[in-house]
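Going line by line, the protein sequences match chains Y and F. Using this note's numbering, you'd call the opening residue of the first sequence number 1 and step up by one each time. Using this note's numbering, you'd call the opening residue of the second sequence number 1 and step up by one each time.
In case anyone wonders, no lab produced these hints; they're calculated from the structure. Ideal placement from N, C-alpha and C gives every residue a C-beta, glycine not left out. Check the hints yourself; a few may be wrong.
Claimed, not checked - Calculated cross-link-like contacts (lysine-lysine; reagent style DSS-like; alpha-carbon spacing at most 30 angstroms): (1) K58(F) <-> K194(Y); (2) K192(Y) <-> K169(Y); (3) K153(F) <-> K218(Y); (4) K196(F) <-> K218(Y); (5) K196(F) <-> K194(Y); (6) K218(Y) <-> K29(F); (7) K55(F) <-> K192(Y); (8) K113(Y) <-> K183(F); (9) K183(F) <-> K196(F); (10) K192(Y) <-> K75(F); (11) K75(F) <-> K101(Y); (12) K242(Y) <-> K113(F); (13) K101(Y) <-> K169(Y); (14) K196(F) <-> K192(Y); (15) K336(Y) <-> K113(Y); (16) K29(F) <-> K58(F); (17) K58(F) <-> K218(Y).
Unchecked claim - Covered, in the sense of this in silico footprint (three residues per stretch, anywhere, with C-beta under 8 angstroms from a C-beta of chain F), are these stretches of chain Y: (18) 118 to 129; (19) 192 to 202.
What the hints assert, rightly or not - Derived coverage of chain F by chain Y (criterion: at least 3 residues anywhere in the stretch with Cβ under 8 angstroms from a Cβ of chain Y; other residues may be distant): (20) 118 to 128; (21) 164 to 173; (22) 206 to 216.
Now for the letters of each chain:
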Amino acid sequence: MPWFTDILNAVVLMCNFMIVPALSYGSQLALGALAVTLVYSVLRFANFAQGDTMAFATVVTILSTWVLQNSGISFGFMPTAILAMPIAVIACLAYVLLIDKFVYEYYRNQNSKPITIVMASVGVMFITGGIVRFVLGPSHQIFSDGARFIITTREFKEMTGLSEGLAIKTSQFLTVTIAIMLVGFVFYFLQKTKTGKAMRAYSDNENLALLSGIDPAKVVRVTWILVAVLTTIAGVLYGLDKGFMAISYHQLLLPTFAAVIVGGIGSPIGAIVGGFVISFSELTMTYAYKKFLIYLLPEALEPSGLVQFLSTEYKFAISFVILVIVLLLRPTGIFKGKVI
Amino acid sequence: MAYLSGENITAAYDYSVPILNDCSVEVNKGELAVIVGPNGAGKSTVMKVLLGMLKQSKGSVMLEGKDISKLSVQKRITLGLAFVPQTDNVFPTMTVEENLEMGAFLRTDDISKTMEEVYELFPILYERSNQLVGQLSGGQRQQAAFGRAMMTKPTVMLLDEPTAGVSPIVMDEIFGNILRLKKSGRAVLMVEQNAKQALTIADKGYVLVSGSNEHTGTGKELIADPVVRKSFLGG
């Protein structure tokens, strides 16, 4: 049955170049988007510093990884960066709490308009970006070690006898598993614990939360803790997958915000779904379908070009287009978030 | 001596002209007291002073004969005061049950008993306990608001215009619920715009004008008073 093998080959090809990368990129976006959404719904501003804070946390992870590597500590087939992550979470938490203390708290106490705080966060974004470049420079850094692949294309081909291989990078596997666990934890926390419910209550109706005896300072603190954990893990996973570069973290802001808006601003589940909508759109639009179609179509119909809708340089345009479409057609997003 | 009383209160927002001038209100357990009056008379301000959201410059707030004038809002809530604001009195994206839990946020003991009491008083809330409060009707939402306030096991409930902006049918429903709150042995003090209906069910009524007690009496007396009728109840 050569046609059946062709279909299998096409499916494997699709998984290898589109579905697996989109799943892992989507998970990274989802974690970042979840952090943005939490800040938005509890602290009531869109945090433009998200991408650069991710870079900050990743820089701490990279430095700690180097220290660990130099002292001969490794984590088996897993990247050493995973061991360094707790240090980065603490550093990131200290950083965001410091920023909150010296920047956002002032505006909160003044009852400033959200747009004022957003502008302050743009300032924080530039400062953070500056610190990141000052410490590690603007160049590309690869800090993943351990086994690069869980399954390589060659192993997969030998196992299945197909002519196409499916490779799963350790970073991709880690991204998806850690993201699932983390999102599960955040949702459990928000839905079931008293502190999580207090956070939602505070986000729902600030004055009534005060009347009910909820301490706003504690809610703000817990929010930053969650944000620091999400931000660090999102940053490190993205860096393990694609390498670290200050500018690419900065640019993550666009797809992250697009994910938040597509999913519905202020809706945690929307942020997750939005992340995957953006990642799958980016990859389906920039993937070259030539080989895929060759497997599926009869020889006479085989395409001669690459069959690629957009070249990968335009991937940010896709976030923009989705953003425009959603804002025109369904401004509340998929899960009926707030409208700014 | 009344259970909760505000005695000779004078209060102002930020050094401006006093909103309340030597104003006194009181309410006992199992009693419904209503404050009515024209716009700007300081009706809601009375509540804010009783609750401690606004500090009075003169006078005092007494609960069970003890002066609570200097205590914070949170402290007064733990002592048995509960407040249902006029608007935004529920957490719309949380379920009925979660709203009740949030009402009991400061409590560390078992809250299931109190929750049962609330469900007994408002059976519809039990039916809708897992539904988001934002999806309930106006009257049901008001019950959820009452329920949330009841979770601190209050002895006094302060209601700020509970029937503002609802239809006449829902208004009757809400007044019915307020009577149930009263019959459960709590002291209920409310500010109302629908003066006539409110005074009909009130044990005590206060007509406030420019921050002072203009007329005081039982609800029936006030309704029967020709001056009150003419000036405040539309003849």
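For each hint, the structure was consulted:
1. K58(F) <-> K194(Y): At roughly 40 angstroms apart (the allowed maximum being 30 angstroms), K194(Y) and K58(F) break the hint.
2. K192(Y) <-> K169(Y): Not satisfied, since the Cα-Cα distance of roughly 34 angstroms exceeds 30 angstroms.
3. K153(F) <-> K218(Y): 25 angstroms, holds
4. K196(F) <-> K218(Y): 45 angstroms, violated
5. K196(F) <-> K194(Y): Violated. K196(F) to K194(Y) sits at ~43 angstroms, over the 30 angstroms cutoff.
6. K218(Y) <-> K29(F): With Cα atoms ~36 angstroms apart, K218(Y) and K29(F) exceed 30 angstroms; violated.
7. K55(F) <-> K192(Y): 37 angstroms, violated
8. K113(Y) <-> K183(F): 45 angstroms, violated
9. K183(F) <-> K196(F): 21 angstroms, holds
10. K192(Y) <-> K75(F): 27 angstroms, holds
11. K75(F) <-> K101(Y): Between K75(F) and K101(Y) the Cα gap is close to 27 angstroms, so the pair holds against 30 angstroms.
12. K242(Y) <-> K113(F): 55 angstroms, violated
13. K101(Y) <-> K169(Y): Distance ~40 angstroms between K101(Y) and K169(Y) Cα, so the pair is violated.
14. K196(F) <-> K192(Y): Violated: K196(F) and K192(Y) sit about 45 angstroms apart, past 30 angstroms.
15. K336(Y) <-> K113(Y): 23 angstroms, holds
16. K29(F) <-> K58(F): Between K29(F) and K58(F) the Cα gap is close to 25 angstroms, so the pair holds against 30 angstroms.
17. K58(F) <-> K218(Y): Roughly 34 angstroms between the alpha carbons, so the hint for K58(F) and K218(Y) is violated.
18. 118 to 129: It is violated: at least three residues are needed, and the region 118 to 129 of chain Y offers just 0 whose Cβ sits closer than 8 angstroms to chain F.
19. 192 to 202: The restraint on the region 192 to 202 of chain Y holds, since 5 of its residues have a Cβ under 8 angstroms from chain F and three suffice.
20. 118 to 128: Violated: only 0 residues of the region 118 to 128 of chain F have a Cβ under 8 angstroms from chain Y.
21. 164 to 173: It is violated: at least three residues are needed, and the region 164 to 173 of chain F offers just 0 whose Cβ sits closer than 8 angstroms to chain Y.
22. 206 to 216: violated (count 0)
The structure shown violates the earlier hints numbered 1, 2, 4, 5, 6, 7, 8, 12, 13, 14, 17, 18, 20, 21, 22.
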